[in-house]
Every structure is written in C-alpha cells, then in structure tokens.
Amino acid sequence: MAVQSDVIDDAGPYDRAKALSAFKLGDLTFYWITRLSAISVLLILGGIIVSLIVGAFPAMKEYGFSFLWTQRWAPSADPPVLGALGPMYGTLVTSFIAMLIAIPVGLGIAIFLTELCPQWLRRPIGMAVELLAGIPSIIYGMWGFFVLGPFLANTFQPFMIRIFDGVPVLGAIFAGPPSYLSLFNAALILAIMVLPFITSISVDVFKTVPPVLKEAAYGVGCTTWEVVRSVVIPYTRVGIIGGVMLALGRALGETMAVTFIIGNSFRISSSIFAPGTTISAAIASEFAESDGLHQSGLILLGLLLFVLTFFVLAGARLMLLRLEKKAGK
Amino acid sequence: MNPIYARRRRKDIVIRGLCIGAAAFGVTWLALILITLLYNGLAGLNLQIFTENTPPPGSNEGGLLNAIVGSLIMTVLGVGIGAPLGLFAGTYLAEYGRNDKLTSVIRFINDILLSAPSIIIGLFIYGAVVVPMRGFSAIAGSLALAVIVIPVVLRTTEDMLLLVPNALREAASALGLPRSLVIKRIAYRAARSGLITGVLLATARVAGETAPLLFTALSNQFFSLSLNKTMANLPVTINNFVQSPYAYWKQLAWSGALLITLTVLALNIGARILGAERTAK
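Chains as they are written, first to last, in the UniProt record's numbering: chain D, 1 to 329; chain V, 1 to 281.
I should point out that these hints are in silico values taken from the structure, not numbers from a laboratory. Backbone N, C-alpha and C fix where the C-beta goes; we use that ideal spot for every residue, glycine too. One or more of the hints may lead you astray.
Label pairs and their calculated CB-CB ranges [claimed, not checked]:
1. Ile269(V) with Leu36(D): 31 to 37 Å
2. Leu121(D) with Ser59(V): 46 to 52 Å
3. Phe57(D) with Tyr248(V): 31 to 37 Å
4. Leu85(D) with Leu72(V): 28 to 34 Å
5. Asn60(V) with Phe57(D): 54 to 60 Å
6. Leu225(V) with Leu68(D): 24 to 30 Å
7. Leu121(D) with Pro3(V): 44 to 50 Å
8. Ala288(D) with Ser173(V): 53 to 59 Å
9. Leu68(D) with Asp159(V): 46 to 52 Å
No farther apart than 16 Å at their CA atoms in a straight line, the calculated lysine to aspartate or glutamate pairs in the EDC-like style are these [said to hold, decoys possible]:
10. Lys207(D) with Glu324(D)
11. Lys184(V) with Asp27(D)
12. Lys11(V) with Glu226(D)
13. Lys214(D) with Glu226(D)
14. Lys207(D) with Glu115(D)
15. Lys250(V) with Glu61(V)
Could you put the whole structure together from the sequences, leaning on the hints where they help?
Written out as structure tokens, the structure is:
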C-alpha cells in the first residue's frame, strides 16, 4: 500500500500519463497476486493428492487390492504384512456410533435454540456449544484418557454388559470385559466433538424457514413438535443432511481425540467395548517411527482416508449449495 | 380436553423435554471439560512452567518454556505465511472473480480443505517438505499449520468482502480510483474487523493443532530457536507427556493443556466479540 502511494506522489500532480501507468501496473500486480493466491488452493489439493500417491506407491505395488481386506498388521514381520481392514473397520464403526449419538442430540439442541429457548438464554447456550467446537482435539483426547475412559469402564460399560448378557447379537456387541480403551469410548468423544457442527449448521438452516410458514402451522393449532416435524425439518432436510455429512467428514478424520482412547489394536472384535484403531490413530501413533514399506502402508491408509473424507465432504457441500440456491431465490 | 389433543400435547411436552435435555447435555460436557482442566491444570501452574525447559525422564524439576516458545514461533510463522495467502485468495474470489467458473471451483475445493483431516495435511507436508529436506524441522511444522490457516482465512475474507456494499466501490471508482486501490483502501477498510476475525479464528484453530506437527516439527526436549531442526511445541509435548509413566509429566501435560485451552478460548471469544460488533453496526 505504502509503495503505491509513493509511486503516485513521485509521479507528481501534473504527470497524468505517468500516474496512469503507475495505476495500471499496480492494478495488474495486485490482480495477479490475488489470482495466484487463489490458484494456490488448487495447487495444495493437487500437492496433497500427488504426495499421497507417490508415498503410497510402494505399498500399492506390494499389496494391491488385498490391502483392503487383510486384517493382519505386522510391520515387523519379514516381509511385512499390512492390511487396512482393522483401521477401516474402526474408523467406520466409531464414526457410525458417534453420528448415532450426535445427530439426535445436535438436532435437539438446534430445535431448543430456535423454537423453545427464551431470547436471553439463546446467545450464552449458542456460544457454549460453539466454544465446544473450538477446544483443540488433543484436549478431548486427554480428557477422555484421564476422565471419561475410567468413568465409562466403571459405570456405563459393566451396566450395558450385564443387561445384554446372553441376548443374541446385542450380547456380542456389548461384550465384556469393560475397558478404559475402547471403540465406544472413542465414539463418545467423537460425538461430543462433532455435536457443535451439527448444531450450528442446523440452527443456520432452521433460520432459513420463512416465519410465515411456521406461523401458519401454529395458526391451525399445531404444537411446537408438529411444527418442527412437519414444517421446519421437511423444509431444511437437504441442509440438515449436508450438516450431518460435514460432521461425518470430521469424525472420520479426527485424530488426536481418538488416538489416546481407542487402544491401537488392529484386531477386529465384535464388541464395541473392545480396543480397536482408526486410520488416523494408526498413522498418528506409528508414522514417526516407521520406514520403508511400513511407512508407505501408512501413507496408503492416509490416501484411503483422504478419498473417503473427500467424497463425504464434497457430498455435504453439494447438499448445502442446493439449499443456498433454494434460499436465494 | 379431547383425548387426541391431550395425546398431541403429551408428545409435544416429552419432545420439548428431550430438546432441553439435549441442550443441557451439550453444555454439561463443556462445563465438565473446563472444570477438570482448571482443577488439574491450576494445581501445577506456577512460574517454573514459564521459566524452565521440559524435564528429562524421571526428573521432578522443569517447566514448559521450550514448548511454549516453540508453539508461539510456529503459530506465528504458520499464520504469517497462511493468512496473507488466504487473504489475497479471498480477495480474488470476492472482488475479481465473482462470476467466474474458477471461483466456484476454488470455493468448493477450499470448503473441502477447510474440513480435511489435519493428519492428512501432516502426511502431505511430510512428503513435500520433510523428505526433500531430509529431516523434521520447525519450518515444516509451520508450513503444515499454514496449509490449515489458508482455507479458514480465505473463507472469512470472501464472506466479509461480499458484505461490503457495492455502492462504496462504485463511488470510489467514479472518483477515478483504480481497481486495486478501491479494494485496498475501500473494501479492506470497510471489512477490517471481519478480516481480523478471520485471522483470529485461524490462529485459534492452529494453536492447538497436534496431528500435523507429529511428524513435521516432531518435538524437542531442549530449547531451540533453529527453524531447520525439530522444535518443541505444546501440543506434541502434551501428547508425549500424557502417555508417559511419570506423575510429574502428567501434571505438566495438564498445565499445558490448560494454557492451550485458555488461549484458544480467548482467541475464539475475541473473534466473536469483534464479529458481533460488526453486525451490530
């Protein structure tokens, strides 16, 4: 900015041609600086894809598609045997349970904030929920490790195990023994982490509902719940799905909150109270000490995670764009 | 009251109760996390934390000085590299390329990068910087943070510039101001608090980031200011100390966690207050 005004001053008040050409140069430079910065976003995406593929190539060549359905993970065997089934299973199961908890609770908070809450309480609660989103994930992980894990292992887990003991299917899902480190503990932490995303997007899309629609529904005698179910949710369905998918993208890739409390076990167990691992937790805990094929295998895991989250997030954005268009017209 | 209406009322009351319960559930977690953090973190918070380096194994002396300084350096560098890029890119999207095909592609990709797993960013920088440089380094860590900063700043910059009324730009153009000066002198100035909000939010986002530093900056037990070497930083130090067997290290981890959380929350609240001022005007 300063350089520019010097240029103008130097040109003097009467030298019109010189000033104009200085303007032109400044315009052109600024245009290209901004344009190149904008294009750098595409370069970053390209760089991520290229560097992951280059890094994963040795493992791809070695294992091929069998990487996807091998459960054994033995990096120190000779030759190393690597399979992605355990981490993929853990990633999908923890995210699924997290969404199962976070969707109803997140929507409940959004409904509370938009329809039920007294005006003066709206800002503090909205802010508290958004601050939950701001807490760094390592804090969640640490808290889960020291506080939540022991608590669940001593109370909730034995309770569920006792209730479902002997019941077919459910008995296997909630099988003992209770553990500080388990898929379920990780999923619960994930649920708390993604809750704010679901809530804040739902609140935003709920606000796009024209008041006159809601008023009409209340006017014919609907209760609050009926207004929400028959007017608000149908009107904003696409946006809610977009928000949920965005949260899912977060849950799939979340690293630090999960690494501490999932137990880093590559074995697949039917019980959600057993330790497991996720793709991101496997990378976080093993990458720094890995080399050769092991490292390449971890990068291949990262590539899988990136492809998975890319499609989920792209889907989420497309849904939200559709809603924006609808709200815009 | 007729029975159908009574049933509808009952259902409504139950659901309302559940919604209130959900809100209480959300707020309870925040409270629980903050209370445990304060309780455990304050116990170990003393001057030593800010004046001494991280202790060697088994020692009961030492603080977090090197980690705090390292975190500050890398956060400042990361924001220093990422924020201008994001700012300029957002400017292009909002000012030059409003009806561009390129703009919608970049916006879409940016939104995906905004929520991309940060560990993937770590892998990217590992392949793109750490491997060619033959070693973990603070500069690699800063670059990883910069990659996270760019999408956040880009998004807020674009949103804030789009809020600036076009009449302002037209008036400036009518006076003969060239396009670049219209943007720098008029649009930036009108959107200033919004732009600062974006940078603050980005700083808050990277201040506690751990995953991308795990294998870029690594960590360092000693005090180091060199950008070519591994550098201690709070998140990775916490990560290592939590899993350690020493009670004193765990205590340090709690204190470090409290420091990070308070910083991040302060940045978030500051950003929100700035943002609220703007919308109130």
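Hints, one by one, checked against the model:
The hint said 31 to 37 Å for the Cβ distance between Ile269(V) and Leu36(D), and at roughly 35 Å that hint holds. Taking 46 to 52 Å as the suggested C-beta distance range, the pair Leu121(D) and Ser59(V) conforms, at roughly 49 Å. Judged by the Cβ atoms, the range 31 to 37 Å given for Phe57(D) and Tyr248(V) is violated: they are separated by roughly 44 Å. The hint said 28 to 34 Å for the Cβ distance between Leu85(D) and Leu72(V), and at roughly 42 Å that hint is violated.
Our hint of 54 to 60 Å for Asn60(V) and Phe57(D) is violated, since their Cβ atoms are close to 48 Å apart. At roughly 45 Å, the beta carbons of Leu225(V) and Leu68(D) sit outside the given window of 24 to 30 Å. In this structure the hint that Leu121(D) and Pro3(V) lie 44 to 50 Å apart at CB is violated, the actual value being about 34 Å. In this structure the supplied range 53 to 59 Å holds for Ala288(D) paired with Ser173(V), their Cβ-Cβ distance being about 54 Å.
Judged by the Cβ atoms, the range 46 to 52 Å given for Leu68(D) and Asp159(V) is violated: they are separated by roughly 40 Å. Between Lys207(D) and Glu324(D) the CA atoms are separated by roughly 12 Å; this keeps the pair inside 16 Å, and the hint holds. As the CA atoms of Lys184(V) and Asp27(D) are separated by approximately 11 Å, the hinted pair is consistent with the 16 Å bound. Proximity of Lys11(V) to Glu226(D) is assessed by CA-CA distance (about 9 Å); at most 16 Å being required, the pair is judged to hold.
About 10 Å separates the Cα atoms of Lys214(D) and Glu226(D), which keeps this hinted pair within 16 Å; it holds. Taking the CA atoms of Lys207(D) and Glu115(D), the gap is about 10 Å. The hint holds against a cut of 16 Å. Restraint check for Lys250(V) and Glu61(V): the C-alpha separation of about 13 Å stays at or below 16 Å, so the hint holds.
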